[in-house]
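**Student:** Sequence:
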Amino acid sequence: MHRWSQLFIPTLREAPADAEVASHKYLVRAGYVRQLAAGLYSFLFLGQRAKLKITQIVREEMDKIGQEFYLPALNPRELWESSGRWTAMGENMFRLKDRGGRDLCLGMTHEEGMTEIARKELRSYKELPQIWYQIQEKFRDEPRPKSGLLRVRQFTMKDSYSFDLDAAGLDVSYRKHDNAYRRIFDRCGLKYVVVEAHSGAMGGSQSHEFMVMTDAGEDFVASCPKCGYAANLEKATSRVEPVEDLAPTGTGKPELVHTPGLKTVEEVAKYLGVSPQQKMKTMAYMAVEEDGKTGESRNRPVIAFVRGDHQLNEAKLSSAVEGRVFRPMHPEEIQEIFGSPAGFLGPISIPPGKNKYGPPIVLVDTALQGRTNLVSGANKEDYHLRNITPGRDFPVEQWIDLRTVREGEGCPNCGAPLVVGKAVEIGHIFKLGYKYSQAMGLRVLDKDGKEVTPIMGSYGIGVERILTAAIEQNHDEEGFWLPPQIAPFEIVVTPTNFADANIKHAAIDVTQKLEAAGYDVLLDDRDERPGVKFKDADLVGMPFRVTVGRKVSEGKVEVVERSTRKIEDATISSIETHFGKAFRPAS
RNA sequence: CGGGGCGUAGCUUAGCCUGGUAGAGCGCUACGUUCGGGACGUAGAGGUCGCGAGUUCGAAUCUCGCCGCCCCGACCA
Numbered sequence: 000m001h002r003w004s005q006l007f008i009p010t011l012r013e014a015p016a017d018a019e020v021a022s023h024k025y026l027v028r029a030g031y032v033r034q035l036a037a038g039l040y041s042f043l044f045l046g047q048r049a050k051l052k053i054t055q056i057v058r059e060e061m062d063k064i065g066q067e068f069y070l071p072a073l074n075p076r077e078l079w080e081s082s083g084r085w086t087a088m089g090e091n092m093f094r095l096k097d098r099g100g101r102d103l104c105l106g107m108t109h110e111e112g113m114t115e116i117a118r119k120e121l122r123s124y125k126e127l128p129q130i131w132y133q134i135q136e137k138f139r140d141e142p143r144p145k146s147g148l149l150r151v152r153q154f155t156m157k158d159s160y161s162f163d164l165d166a167a168g169l170d171v172s173y174r175k176h177d178n179a180y181r182r183i184f185d186r187c188g189l190k191y192v193v194v195e196a197h198s199g200a201m202g203g204s205q206s207h208e209f210m211v212m213t214d215a216g217e218d219f220v221a222s223c224p225k226c227g228y229a230a231n232l233e234k235a236t237s238r239v240e241p242v243e244d245l246a247p248t249g250t251g252k253p254e255l256v257h258t259p260g261l262k263t264v265e266e267v268a269k270y271l272g273v274s275p276q277q278k279m280k281t282m283a284y285m286a287v288e289e290d291g292k293t294g295e296s297r298n299r300p301v302i303a304f305v306r307g308d309h310q311l312n313e314a315k316l317s318s319a320v321e322g323r324v325f326r327p328m329h330p331e332e333i334q335e336i337f338g339s340p341a342g343f344l345g346p347i348s349i350p351p352g353k354n355k356y357g358p359p360i361v362l363v364d365t366a367l368q369g370r371t372n373l374v375s376g377a378n379k380e381d382y383h384l385r386n387i388t389p390g391r392d393f394p395v396e397q398w399i400d401l402r403t404v405r406e407g408e409g410c411p412n413c414g415a416p417l418v419v420g421k422a423v424e425i426g427h428i429f430k431l432g433y434k435y436s437q438a439m440g441l442r443v444l445d446k447d448g449k450e451v452t453p454i455m456g457s458y459g460i461g462v463e464r465i466l467t468a469a470i471e472q473n474h475d476e477e478g479f480w481l482p483p484q485i486a487p488f489e490i491v492v493t494p495t496n497f498a499d500a501n502i503k504h505a506a507i508d509v510t511q512k513l514e515a516a517g518y519d520v521l522l523d524d525r526d527e528r529p530g531v532k533f534k535d536a537d538l539v540g541m542p543f544r545v546t547v548g549r550k551v552s553e554g555k556v557e558v559v560e561r562s563t564r565k566i567e568d569a570t571i572s573s574i575e576t577h578f579g580k581a582f583r584p585a586s
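The first sequence begins at 0 in numbering that gives the first Met the number 0 and counts up one residue at a time.
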């Protein structure tokens with residue numbers, strides 16, 4: 000029997016001053032966690048119990064599709080060099096040396112570790128497919144840990160890796176994970192959405208994120224309330240309202256206009272009496288390319304054009320340049336490449352690559368397709384151009400979606416207005432492709448005796464994020480309530496006065512009956528006033544409370560549902576029957 | 001890494017501007033009264049004022065440096 004008086008549950012009346020989001024405040028106030036340093040948290044009894052319940056659900060569902068492994072968190076440099084990520088991870092990876100001066104790191108994920116095992120052990124197509132997973136600590140030297148447990152430097156992740164013979168096999172593994180994830184998050188009692196996600200620099204072909212919508216989140220999701228379309232803003236597309244083009248002026252050919260000191264889209268549009276929609280915006284970036292052999296880095300200009308009132312999406316740009324690392328161009332570089340300072344850049348007469356940089360990668364957003372007589376910079380200080388028609392006045396090799404979707408724009412599927420909201424990413428499934436298997440030399444023989452490279456997928460779940468997302472989703476002024484499946488205890492029994500013999504015996508009786516019926520029960524046997532115990536019960540996240548008090552003389556207690564505060568009388572002798580099937584959804 | 005804020009008892013904080021050696025509420029200990037929504041009384045314990053240097057007769061307070069934490073941005077397989 001779990002007696003509160005014997006346990007360490009340090010509840011606080013006030014939240015620590017540095018806690019901002021609800022989950023952070025309540026995890027600390029309810030005695031689930033304590034902060035050790037930025038992005039590092041100790042889990043106390045209640046927190047650890049909730050975490051164990053979550054990992055148990057994850058484990059049960061993952062065991063249906065895969066096999067649990069356990070890998071070292073401490074990795075040798077060579078392992079990460081074999082995939083190229085020793086340098087690619089940069090400052091985000093924790094690094095250290097052993098006594099012999101050898102370089103080690105703390106794993107951020109385990110693609111390398113898993114692939115290394117596969118590389119050494121898998122020989123034949125007969126051994127495929129494989130799904131290997133782990134529930135372990137990951138380490139990331141975050142530039143900015145924040146929001147309590149939402150972005151931390153050490154956290155528990157379930158991640159799995161699939162190895163298949165071909166893309167069709169990967170599809171199967173991917174779907175298995177999609178199903179398993181839905182079961183996991185359903186069982187954890189979360190409301191979530193599955194969104195199309197940006198594949199990132201990994202260059203994978205398909206990727207979905209499992210998101211919990213909450214203002215505490217740091218990702219943005221565009222979704223359609225009508226047809227259910229949902230995508231990360233890094234990936235989302237939309238239908239753009241047609242825009243009326245300007246009539247040509249003068250000869251109809253690109254025409255120089257003097258625009259002294261006018262640099263922003265708004266200034267120029269206003270000065271010329273046109274709308275920003277009739278302007279095109281020129282964004283200059285520099286991609287940093289590294290020579291794999293010499294390790295020398297070289298700069299390659301990337302020039303992107305979007306409509307004047309649109310916002311360039313850097314995630315989409317990143318995909319468009321095949322994951323190359325890029326940064327905004329420096330002012331000197333702009334001057335050197337365009338022959339003009341920023342603010343007057345445009346698509347026409349970019350001086351040819353006489354400079355030390357390679358030919359620029361030029362990308363044009365699809366929203367400019369079919370447009371005519373646009374206004375843009377002239378690549379000449381204090382001048383802009385009118386009458387620019389893409390394709391006629393400058394070549395467009397490829398139209399690419401580069402813009403960021405805005406709320407209210409039309410859903411790409413059904414045209415209904417899109418809604419944009421903040422979300423926390425709790426899971427991610429990802430088709431990796433051949434990146435690791437190829438780089439690390441994983442090969443098996445197919446049935447013709449030919450060597451083939453297996454195709455991989457990787458799939459992650461943030462365990463602590465499930466807990467924090469659940470709190471963000473279920474809290475009020477007094478505290479929070481967790482879904483019973485992941486609450487440290489499902490029921491807290493609150494005797495109003497434990498010194499009263501009748502009440503005491505009834506409370507113990509109720510606790511024993513409920514425990515015998517299989518429930519996790521916490522008996523608040525503390526010698527505290529009822530008000531204190533009620534406040535704590537409201538705070539600490541248990542979904543149900545049984546109040547044992549004045550109705551004991553009638554053989555009754557009260558059952559309170561924390562989320563709704565609905566109170567029902569229940570008979571002590573049959574208390575265990577009170578919590579029906581609805582209490583525990585099928586597991 | 002750029003911008004901003006904060007660091008005083010376990011928690012929340014006053015005091016800092018205008019220098020004179022630290023105060024409150026909650027929590028904690030003991031005793032008594034109380035007991036269905038954070039009780040009351042009495043008596044207590046608890047602070048290198050983040051660290052270091054400087055100015056000064058004297059520094060929580062002024063100056064400089066460092067460290068830590070939070071927020072915005074950048075970043076985020």
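Because the hints were derived from the structure by calculation, they are not lab data.
Misleading hints may appear alongside valid ones.
Keeping only pairs whose Cα atoms sit at most 20 Å apart, straight-line, the calculated EDC-like set for lysine to aspartate or glutamate is [claimed, not checked]: (1) 96 x 120; (2) 555 x 499; (3) 145 x 80; (4) 125 x 140; (5) 125 x 165; (6) 262 x 380; (7) 512 x 447; (8) 125 x 447; (9) 119 x 445; (10) 555 x 567.
Computed Cβ-Cβ distance ranges for the label pairs, DEER-style [stated by the list, open to error]: (11) 250 x 433: 49 to 55 Å; (12) 167 x 123: 43 to 49 Å; (13) 327 x 248: 29 to 35 Å; (14) 365 x 69: 33 to 39 Å; (15) 326 x 77: 53 to 59 Å; (16) 96 x 178: 39 to 45 Å; (17) 90 x 327: 34 to 40 Å.
Backbone N, C-alpha and C fix where the C-beta goes; we use that ideal spot for every residue, glycine too.
**Student:** Hint by hint, note whether the structure agrees.
**Tutor:** Hint check results:
1. Using a Cα cut-off of 20 Å, the hinted pair residue 96 and residue 120 is violated, with the two alpha carbons roughly 29 Å apart.
2. With a CA separation close to 16 Å, the supplied pair residue 555 and residue 499 stays within the 20 Å bound.
3. Among the hinted pairs, residue 145 with residue 80 is inconsistent with the structure: their alpha-carbon atoms are about 30 Å apart, more than 20 Å.
4. For the hint linking residue 125 to residue 140, the alpha-carbon distance of about 40 Å lies beyond 20 Å, and the restraint is violated.
5. Annotation: proposed proximity of residue 125 to residue 165 holds, straight-line Cα distance about 13 Å (limit 20 Å).
6. A distance of roughly 10 Å separates the Cα atoms of residue 262 and residue 380; the hinted pair therefore holds under the 20 Å criterion.
7. Proposed proximity of residue 512 and residue 447 is contradicted: the alpha carbons are some 64 Å apart, above 20 Å.
8. Under the criterion of a C-alpha separation no larger than 20 Å, the hint pairing residue 125 with residue 447 is consistent with the structure, at around 12 Å.
9. Of the pairs offered as hints, the one joining residue 119 and residue 445 holds, with about 17 Å between alpha carbons and a cut-off of 20 Å not exceeded.
10. Restraint check for residue 555 and residue 567: satisfied, since their Cα atoms lie roughly 10 Å apart, inside the 20 Å limit.
11. Checked against the given bound of 49 to 55 Å, the beta carbons of residue 250 and residue 433, roughly 53 Å apart, stay inside it.
12. Distance hint check for residue 167 and residue 123: the Cβ-Cβ separation is about 18 Å, which falls outside the suggested range of 43 to 49 Å.
13. A beta carbon spacing of about 33 Å between residue 327 and residue 248 agrees with the range 29 to 35 Å that was offered as a hint.
14. Here the CB-CB span from residue 365 to residue 69 is close to 47 Å, at odds with the stated 33 to 39 Å.
15. For the hinted restraint 53 to 59 Å between residue 326 and residue 77, the CB-CB distance of approximately 30 Å leaves it violated.
16. With their beta carbons about 43 Å apart, residue 96 and residue 178 fall inside the hinted range of 39 to 45 Å.
17. For residue 90 and residue 327, the Cβ-Cβ distance of about 19 Å falls outside the hinted range of 34 to 40 Å, so the restraint is violated.
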